[in-house]
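Quick note, the sequences are listed as chains A and B, same order. Counting along the first sequence from 1, when you hit position 133 you're at 133 in the working numbering, and nothing is skipped either side. Counting along the second sequence from 1, when you hit position 427 you're at 427 in the working numbering, and nothing is skipped either side.
If you are wondering where the hints come from, they were derived from the structure by calculation, not from laboratory data. Since the structure is predicted, the reported quantities are computational estimates derived from the model, not experimental observations. One or more hints might be untrue.
Cβ-to-Cβ under 8 Å is the rule here; a few derived chain A residues that face chain B [unchecked claim]:
(1) I17
(2) A22
(3) A24
(4) F25
(5) L28
(6) L32
(7) S35
(8) F39
(9) L57
(10) A116
(11) F117
(12) V200
(13) L204
(14) L205
Note that CB positions come from ideal geometry on N, CA and C, so glycine has one too.
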Amino acid sequence: PAFSLFIFTIARDPLRIIILIAGAFFWLVSLLLSSLIWFIAVKASDPQDERLQKGLLIFGVMFSVLLQEAFRFLYYKLLRKAIEGLVALSEDGCSPISIQQMAYVAGVGFGLMSGAFSMINLLADALGPGTVGIHGDSQLYFLTSAFMTMVLIFLHTFWGILFFHGCEHRRWWEIAAVVIMHLTVSGLSFRNPLYVGSLVPSYLLMAAAAAWAYLLSGGSAQNLRRFLLCKC
Amino acid sequence: MTELSAHLPQFQHGQLTENFPDTHLSNTNDNSERRRHDNSERRRNDNAESETNGQPQNNVQQVVEQDEEEDEELTLKYGAKHVIMLFVPVTLCMVVVVATIKSVSFYTRKDGQLIYTPFTEETETVGQRALNSILNAAIMISVIIVMTILLVVLYKYRCYKVIHGWLIISSLLLLFFFSFIYLGEVFKTYNVAMDYITVALMIWNFGVVGMICIHWKGPLRLQQAYLIMISALMALVFIKYLPEWTAWLILAVISVYDLVAVLCPKGPLRMLVETAQERNETLFPALIYSSTMIWLVNMAEEDPEAQRKSKNSAFNKQAPASRTQNEDAEADDGGFSQEWQQQRDNRIGPIESTPESRAAVQALPSNSQTSEDPEERGVKLGLGDFIFYSVLVGKASATASGDWNTTLACFVAILIGLCLTLLLLAIFKKALPALPISITFGLVFYFATDNLVQPFMDQLAFHQFYI
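Construct all of the structure, not just a fragment, from the sequences and the given hints.
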């Protein structure tokens, strides 16, 4: 689904593609830094202690989430300046791409990169022979991974919109809400393989974020109804 | 070209626009003026040359006037469009290389080394290995430097025939021989039985069409496709025959060399550009990938220096001189807004050292073939750039422990580097090396992802945590 989002909404306009790639790049850099921190922490600690390793991993994840949000903020700053430039450049005084569109594209960029990194090795391994969960792990590993990744990609997209909107209107609570949501989702994923605990709340959160982003972007219940009815 | 400079800074780098708000605006004004001047120049040149070339340049002229007004609005679209026009072929080339590496095992088997890298890397100690790879890289780089200088000298003394022949032979070799090997390996991998006659027919057709497309006239898409295929083939050969550390070292040194060669006043590449500019000729059309329609001119007269091909590795093929006089005239007006030049030599055979072919990126307006189209400004990127980007990504996919993650990271890094380079191009408006920034990013990301991110992601995936 994320890929189709890409094709339908982004691939037409080259400017959006550039913003997308840059967004992916920023996510990548944040991942790099966070894994650097984790790596240092691991090296500095005892490799035999299982619980410590797991604790460090959790710490690494939390830190990474914070870093991701920080980079999203940095990217927002960059895009703000870019918009000023674009406006100055275009003749009729309005930029060819609005900040909301940028928010959307940036969110998709983040999401795609995060999803790709989460899934792609899995997919490559899935091509090969083998049975899932043969050592007593859950058999739904691939399926849940796929769903989790998808929800994460969508969440990134919505968070992008919410985050940028919060920055635009200086509503700090919106930004804080995004950060908290992100932390929550990651935290929920800690409760894997108890999939019920992690997938369902994540989807609920995603629905909430989707509705919020939709409202922020100017949609409303009437719009939605009209859109759905007109089609039929 | 001016358009590129105008809008690229805007959306590519916020910081830059901040720093140059005033200059940027004045740039725009200058740009529009310059553009008008350029347009008028072009018109005059067009008029002068329409008889000689026999090309329908007239239609461009009428379009030119309307363009000036629309140009500003279209600038942004064009600017991003140019970047995308370069993204797509680079991405395609990388995709082809990665796909081949992943599926055909021939290219990851160690079957020996090139004559240019005589020192082996399977030594007992790390120090020995390091030393060997440094020596290998040094030899390769010196070969490249010698080739570049040779090429520049030949060009300076107008030995066009030699360059012609050189390029033709190398492109012949590349098109026929390497694609034959490639096809054979692909068939082996997928266990497809094929008889020699069919293969001969296919390769013959492929090769001949390729030669025609690249050196003479042909549809733009086809020519671009051929250039991409050739770059991919070359990159695959490199990946196969260069040992590990040597390859990374070569990549690093090449980007440094590229930087030096293009920017230093006495650098060979820069001399090449300047000589071409003085002589009002196009630069090595055989070695450059171009993203827009080019007027194809009779090769024999107009492009003496058109073909520059390294033997065995014809990195750069370019539509011959289509842009010749018009663009050259434009170039004389300072139209050589941005050029990147790089030359690469690669040679697999033991016959001769490979000449380097350079890739030049030029943002020159190219005339569209239909009269109604507004002037399409094209961007040119040298084939050497394609090749080395693909080598980086291919090596990442072949030898990284992080596999797809690393490949993806390198891919994004290279694309971002390309964006940045185009941005700089727009700002500086002169020949710029396309390699350093991208390769640096790519290398950094490769090593970082492979060593740092990979263990992290593995652990996360193992526990199914999500960040």
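- Task: Check each numbered hint from earlier against the structure, then list the numbers of those it violates in ascending order.
- Result: 12, 13, 14
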